[in-house]
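Q: Protein sequences, first through last, are from chains A and B.
Counting in the working numbering, the first sequence runs from 8 upward without gaps.
Counting in the working numbering, the second sequence runs from 56 upward without gaps.
Please keep in mind that the hints were generated in silico from the structure rather than gathered at the bench.
Ranges of calculated distance between the beta carbons of each label pair, as one might list FRET restraints:
1. A/Ala-32 / B/Arg-69: 52 to 62 Å
2. B/Leu-338 / A/Gly-276: 48 to 58 Å
3. B/Arg-330 / A/Asp-191: 14 to 24 Å
4. A/Phe-10 / B/Gly-308: 38 to 48 Å
5. A/Glu-226 / B/Thr-318: 33 to 43 Å
In this text, a Cβ means the ideal position worked out from N, Cα and C, and glycines have one as well.
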Amino acid sequence: MAFTAPKETYSGKVYPVTIGTGDKAVTCGGENVLPFHSFEGITPSRPVIAIEIQDVPPADWPDTVRKPYDAVSGDPVSWAKFCQDELKAKALALRLVGTHPDRENRSPADAVKTVKDVLAAVQVPLIILGSNHAEKDTSVLVAVAEAAKDKNCIIGKAQEANYKTIAAASMANNHKLIAMSELDINLSKQLNILITQMGFDKEKIITDPMCSALGYGIEYTYSVMERIRLAALTQNDVTMQQPLLGDVGMYVWKIKEASAPEADLPQWGALEERGIAWEAETAAALMIAGAGLLIMRHPRAIKEVENLIDELV
Amino acid sequence: MLIIGEKLSIIAKRVREAMMKKDKGPIQEIATRQWKEGSGVIDANIGPAEDGGEELMQWMVTTIQEVVPLPVCLDTTNFQAIEAGLKVHNNQWGKPMINSTSNDPERFPILELGVKYNCDVIGLTVGKGGLPADAEERAHIAAEIMGRAMEYGLPLENLYLDPLVLQIATSQDHARHVINAVKMFREMNDPPMKTIVGLSNISNGCPKTLRPILNKHFFVMLLDAGLTSAIADAHEMAEAMKERSIISDVMAGKEIADKQKMTEIRKTVDVIMGRTLYAHSYLEM
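Please model the entire structure based on the sequences and the hints provided.
A: Written out as structure tokens, the structure is:
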């Protein structure tokens with residue numbers, strides 16, 4: 008008798024979320040199966056990797072990941088164009104880290120100018136991120152959401168402390184929204200409920216359960232993502248059917264494994280390879296757990312993950 | 056169903072202040088109310104009580120029993136404080152109860168007190184390490200506690216097995232493990248083992264309006280599983296008893312006239328059974 012592979016059927020699906028406009032628009036989500044289980048159902052889109060750029064030069068990034076952008080990262084517009092034209096980025100994530108009060112403390116007006124300049128220079132979809140300062144993000148993200156009106160960006164991140172203003176601005180200007188909670192599946196669900204109770208379309212949310220790097224609690228992120236996916240697919244939980252975000256680069260490139268010199272730790276192997284592998288491994292793990300949108304930094308790590316996706320789809 | 060009135064706990068600000076000031080008024084008022092509402096035992100939770108625990112427990116036991124003709128459940132990790140309390144406990148109102156022994160060697164000597172003073176003893180099914188993962192692990196620990204009780208000479212009918220209720224807001228899966236554990240505990244002896252839960256911990260950390268709803272449904276589901284006693288709010292549990300038949304009807308798939316109530320019951324039972332993911336606003340979805 009011929010072997011028949013066992014197949015699961017699921018009652019729910021993940022909402023497809025499209026970002027950007029015109030022929031450069033991309034979609035993530037839409038599947039009705041666990042990640043890459045194309046043999047069980049439909050997987051209409053592959054995970055989307057957005058390359059991270061910043062509004063200020065990445066002085067705090069380790070050498071390994073700063074080097075590929077040395078010639079362009081002094082200016083967000085050149086940086087964005089480099090990623091689109093040379094690295095063939097499918098999406099960009101502009102992190103307005105310079106608006107943080109403990110950093111350059113750039114104003115919402117400064118942020119608006121950067122966003123407008125970048126949007127004018129590139130055609131690929133843009134994810135616009137604040138500095139993760141709940142209070143400052145409120146003013147910054149409201150201003151940039153308006154500046155990017157109708158460009159179908161993703162605005163982020165809305166958290167429990169500031170979701171009302173950010174979700175309202177995102178809704179008024181036709182953007183998608185990242186809802187972030189801190190590694191707690193129940194609070195993640197709760198935030199999605201609260202945002203949809205404001206009248207925000209549940210199919211325009213991206214859920215960020217909070218990333219963590221390999222070796223620094225990735226198992227928590229993995230487990231929360233996996234459980235969110237299972238709730239979406241097996242329990243048909245409409246509050247958990249949003250695509251998941253893995254904000255990988257930011258978490259990987261601040262750990263010591265990505266920057267400790269070989270001279271100090273020869274047993275850890277080559278510094279450059281180590282950092283790249285660390286980012287690629289972290290991204291790959293979260294993708295397997297369910298992340299449909301990844302924000303990454305190193306071009307070679309991104310290439311590795313794209314290759315992996317090619318093999319898995 | 057035996058209700059151990061839960062309200063005299065050091066965690067409550069009013070109770071803590073009364074304990075510190077040795078102000079009998081609030082303690083006796085709360086104890087009396089719980090007695091009138093149907094509690095059969097009054098819990099006296101004085102916390103770890105490292106300093107002055109003996110004196111405090113004696114004061115609590117006598118203060119409660121001055122106005123209420125009920126036994127007291129002595130609830131502290133301080134061994135000496137429990138023994139001091141047992142010495143002044145008025146057994147005319149019933150057998151005192153001790154909260155608790157467990158599978159942690161430090162908690163074994165509690166069983167000696169249980170034998171020496173002829174008490175009921177709560178056996179919390181946790182060990183020295185982490186929390187039990189599921190119902191099976193709880194049952195395994197329960198078996199060890201039962202074996203130890205027999206070694207020490209505590210009759211099994213004096214032992215109340217407690218499966219350890221965890222917060223649904225952070226440990227949702229444990230709600231159904233606790234229900235299953237109660238069923239398993241009962242089957243571990245003939246006549247069935249007595250069981251007890253710290254009921255309202257299920258809703259700890261949940262919005263205020265949600266707490267009684269979760270408490271009552273969980274209580275009814277535990278009753279169906281064969282639970283024999285609960286450390287709980289007697290007033291709330293009396294309300295739960297009134298709602299028991301409609302909750303059971305909805306759980307059995309019957310339609311009831313009050314559609315809003317029916318939805319509330321269905322959603323709450325689904326959350327407790329882990330069929331939908333808990334969120335503070337689960338009733339609004």
